[in-house]
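K.L.:
Residues per chain are reported as follows:
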Amino acid sequence: MTTTARSALGTDRRLERYEDIRHLLPDVDHPSPLVRVRRVMPDGGLDLYLKLEWLNPFGSIKDRAAAYMLDELVAAGDVDGKELVEASSGNTAIALAALAALAGTRLTVTIPDGIPDEKKVLLRMLGAEVWETPDDLCPVDNPRDGAIALARSLAASEGGERYVMTNQYENPANVRAHYETTGPEIWRQTEGQVRYFFAGFGTCGTITGVGRYLKEQDPTIEVVAIEPQKGHRLPGLKSFAEAKEPGILDRRVVDHVIRVDDEPAYAFTKRLFREEGLIVGPSTGAIAHAAAEFGAGREGLAVGVSPDGGQKYTSFFDELLGDEGLPAF
Amino acid sequence: MSQPTLTDIKVTETLDCRGLLCPLPVYKAGVVLNRLQPGDVLELLTTDPGALEDIPALARQRGETLLGVEKGDGTQTFWVQKGGTA
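Chains as they are written, first to last, in our numbering: chain A, 1 to 329; chain B, 1001 to 1086.
FYI, nobody ran anything at the bench for these hints, they're computed from the structure. Bear in mind the structure is a predicted one, so any value in this text is a computation, not a measurement. Hints are not guaranteed to be accurate.
[Claimed, not checked] List of simulated lysine to aspartate or glutamate pairs, EDC-like, C-alpha gap at most 16 Å:
id, chain 1, residue 1, chain 2, residue 2
1, B, Lys1028, A, Glu158
2, B, Lys1028, A, Asp136
3, B, Lys1028, A, Glu129
4, B, Lys1028, B, Asp1008
5, B, Lys1028, A, Glu132
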């Protein structure tokens, strides 16, 4: 991970000055915060803390994997003279685009359709080229994951000389980022009291890396994966009824899988806004909703990932709200 | 009236996808076809053999007309007319 000497003021981020935005990337000594959510949780259930990954410098949990993957490629000399390509629902790409700009290269993103315009505009602002594509891009056999297929074909075309793919779905650095940072942060922040960990199925770097680390500390910790339904509208999450399971997923660290519908996920997102003051994206709503349901009749400290913030989904939320909040006269 | 021959085709835009692997030619052809007008003709050059299946399927799926295909020297040339006839 990119590191440089921090200022003499020590490790208290409140006092620190930063010479480079990359120094704000989280690590064990500078973790993203855990914040308790009480009002949305049923009485007698789990004590749920959300890990607010949207406070990372590029706005999501994907900052960690993007930094690890890019650092590894740069260290190996694989980016020299090349551009980056990645398939992403937006958050990995946003972090990669920012880091690529800082590293003096550029990014082409293949992005599945149905991603909010806010993310696509942010990517273009960061200098990335955005190629939006349907999942059923290939017209012959309609394999799934058109964005991934397109990114792979870009990386393999022109003799592989023009592009290098970070390949977050297969890259062990994605898992390692969470094994070395997110997992140890949670263990330390909860003083080893965490009993349950909730994260979504997506690239599966988070659930595999954090799950593996936590289970090495205490094998009785239960890891709960949240999976959306086929045809869902929860960017960042993946339904393996329609998408290929990423190579980096280690199912041995997953104890439970909870399937969540869009409607309760969005309803819970709205509750997090209004009852907890948390401006979160819809995947946080899905994860927290699952934790509330799963936690009924269970006790103990639980940590759920809050992958990103709500600002990138205002167009989705506008649809959800309809006329709500507008003058009624 | 006789059928038009390939030499009669008036090409509106040529897209060179030689060296690109599928599904890249499909994606790029789709982007160009989206901006062409009905009746316009896209000439598409490819080298990936997968295009011989993909491009006709793409034309069918989108409701375009595949006017012709020519194979030679490892390159395939497709002529696709947007939205059938002008």
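K.L.:
Does each hint fit the structure? Answer for all of them.
P.N.:
Against the structure, the hints:
1. The hinted pair formed by lysine 1028(B) and glutamate 158(A) meets the criterion: a straight-line CA distance of about 15 Å does not exceed 16 Å.
2. The straight-line distance between the Cα atoms of lysine 1028(B) and aspartate 136(A) is roughly 15 Å, inside the 16 Å bound, and the hint therefore holds.
3. Between lysine 1028(B) and glutamate 129(A) the alpha-carbon distance is near 14 Å, which keeps this suggested pair within the 16 Å criterion.
4. For the given pair, lysine 1028(B) sits about 25 Å from aspartate 1008(B) by alpha-carbon distance, which is inconsistent with the 16 Å threshold.
5. Only pairs whose Cα atoms come within 16 Å are accepted, and lysine 1028(B) paired with glutamate 132(A) is accepted, the gap being roughly 11 Å.
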